[in-house]
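Order-wise, the sequence lines are chains A and B. Counting in the working numbering, the final residue of the first sequence is number 556, and the numbers go up one at a time with none missing. Counting in the working numbering, the final residue of the second sequence is number 270, and the numbers go up one at a time with none missing.
Don't take each hint at face value.
[As the list claims (entries may be wrong)] Some chain A residues near chain B, calculated using beta-carbon distances under 10 Å:
1. Met62
2. Pro64
3. Ser129
4. Arg132
5. Pro173
6. His175
7. Ala192
8. Gly216
9. Cys220
10. Gln232
11. Gly347
12. Tyr359
13. Thr361
14. Arg377
15. Val389
16. Leu396
Treat the hints as calculated values from the structure; they're not laboratory data. Source: prediction; values computed, not measured. Here a beta-carbon is modelled for each residue, glycine too, at the ideal position from N, C-alpha and C.
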Amino acid sequence: MAEDIADILIIGAGASSAAAAWSLSDTRMRIVCLEQGDWMNPADYPSNRREWQVLRNVAYSQSPNVRKRDTDYPINEDDSAVSVANFNGVGGGTVLYSGHFPRFKPSDFRTRSLDGVGDDWPVDYYDLEPYFAQNDRNMGVSGLAGDPAIPYHEPPLPHIPIGKMGNAVARGFNKLGWHWWPSDAAIISEDYEGRGKCLNLGPCNSGCAQGAKSSVDIAYWPLNQRLGVELRTRCRVREITVDDNDMATGAIYFDENGVEQFQAAHVVIMACNGVGTPRLLLNSTSKRFPDGLANRSGLVGKNLMFHPWGHVEGFLDGNLDGHLGPQGTSLLSQQFYETDPSRDFVRGYTLQVTRGQAPLSLALQGVARGDIPLGKGHHEAFRKYLGNSVLFNICCEDLPEEINTVTLDPDLKDSSGIPAPKITYRLSENSQRMLAHGIRSATEALEAAGAFQVNSWGQNRHTGWHLMGTARMGKDPAKSVVNEWGRSHDVRNLFIIDGSIFVTAGAVNPTTTIQALALYIADNMKKNLANLFD
Amino acid sequence: MAERIVSDSGLSETQSRTLRVMLDAIIPADAGRGMPSAGELDLMGYVAEFAPEALDAIRADLDAAEDLAQKRLGIAFGGLSADDAIDLVNTSRATEPRFAQTLITQALGCYYQDDRVVTALGYPAGPPFPQGNTVEKGDLSLLEPVRKMGKIYRG
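Work the whole structure out from these sequences, hints included.
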């Protein structure tokens, strides 16, 4: 019997994997994807139940350490100022993301040249521009063309409603003379490609029951399967194997019954996110790679970047129904995105304006703060706040530092016995100064909008949605893990396409840039098929 | 010896009386707004379905409230007026913020997801899906000054 060899083996079925598989499918090669989680059923999502506000707390928690599905792996975060958010299943992190979809900007790819910090990428915004556009069409992205804070582009669908709350906040920004714009969103505002439009359900980040949020299990994978890509769920990879010529030979994994299997492959693509990918590489030790696969630079797991994140909440008069609409997306301000030498920090941040609190969380926090009393006065106070809250998120650019790491925990293991990752991370002084500036700016904007109360929550630990930098790309094998098109410097048939390969972090949600980069890498693979391993 | 549990709520008679007085005190009815009291809703049914792990802590909260009423006022919590009950709760929470914390958290969860309450607040009853919500598109004329900024990105 002939050996079962995939032409391309992709590990993980999240944002980058889905995009790359779609692109590579036109080669007619045999593509196999191994995903440790399950397919999601939108009928199971909390917004199908009236008790959605509590149902999302555990089973759909962003933290694998809280969620504890049998498809999750634990993460040691004891030495980290930020805790990791992820999801393990078809769709990966996009199952629970908010769909806020701003692109990186040209300066994000040239921080060393422009500002003397971080490093320049081996690609730039304009290399990726056609792939951003292709991905917007594939995913179904809504937005408004003409934003002066980003090179001109036309999202395929009209912008998501900003609501009465958005109007009020916009007036505040205008008073200050600051930039703002309706956010690009991976949520379809009109019926699109057989999918029903957004119904403004609210809790996008516990899964979209309507299927209007462009998670890749909805937007990409059904199409990929029709194109012939083979997706196997509940397959947890333990190790990427290599031969004596430093070529990857395939992956050892546990199948849905927990039985160890081997899948041979001519090409292996890692798409397990900025924590899962270094974890798997570090777990893949061999005689040729005693410190982890593709790690002769010693940089696998180093330079971990999150986005240091703060929250400021404001309450505005006017019965704004601010808690209705797609939770994580309304509008943004990038007034403070680019470096300004007059500030006490370098690089910058986005103010992401999201919807306000749903009734239950409003009540819980209002009672805890003492704003909403128990007993007489409860109802009057509650109505003062209901519908009038708006949340400013301060998304700060992180800079790469080798002391921020993903390593293997010596004791902690997942349910298959595979060593779990340990995160070591602290906020730099630059990040702390930037965050303090962002909190002041958010407060100023809310006051300009007429807020009768502003609550600053400061830096929030539970915001590790964006996992970047732990297998960075670059032209110099001594200073990077993969080359300018995602191929490992050390293993010529091993590619990495997720946020691990980011050189810097930008100051926006990274998914659209991750996917554009994955499409760019897939396109380069196709262009170089004849000499892919040279 | 622990008091006999008398209902499928898992509470004793004393705990059940304490619970009813406590719930009516922390979220009283407001007829003018059409709001029920928390005691009118089936908190223990809600806990059984959505937070069974909280039951022991709720029992402990109720026992603590009863002990406090006996010590401070010399009567059972279940015999207090609504004014005396909420005074006791609020003064206790002022010095011990975790007093009755689990009970209050679950009561708020039950209350603010109940169809009667949600309807009285002016929103449709039931889950978000499939009916959804109407959200105003927004006033894009407000972007006029932003459009006039011209390019603000580098590169």
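Taking the hints in turn, this is what the structure says about them:
no. : hint   : verdict
1   : Met62  : violated, 15 Å
2   : Pro64  : holds, 9 Å
3   : Ser129 : holds, 4 Å
4   : Arg132 : holds, 6 Å
5   : Pro173 : holds, 7 Å
6   : His175 : violated, 12 Å
7   : Ala192 : holds, 4 Å
8   : Gly216 : violated, 17 Å
9   : Cys220 : holds, 8 Å
10  : Gln232 : holds, 6 Å
11  : Gly347 : holds, 4 Å
12  : Tyr359 : holds, 7 Å
13  : Thr361 : holds, 8 Å
14  : Arg377 : holds, 9 Å
15  : Val389 : holds, 7 Å
16  : Leu396 : holds, 4 Å
The structure shown violates the earlier hints numbered 1, 6, 8.
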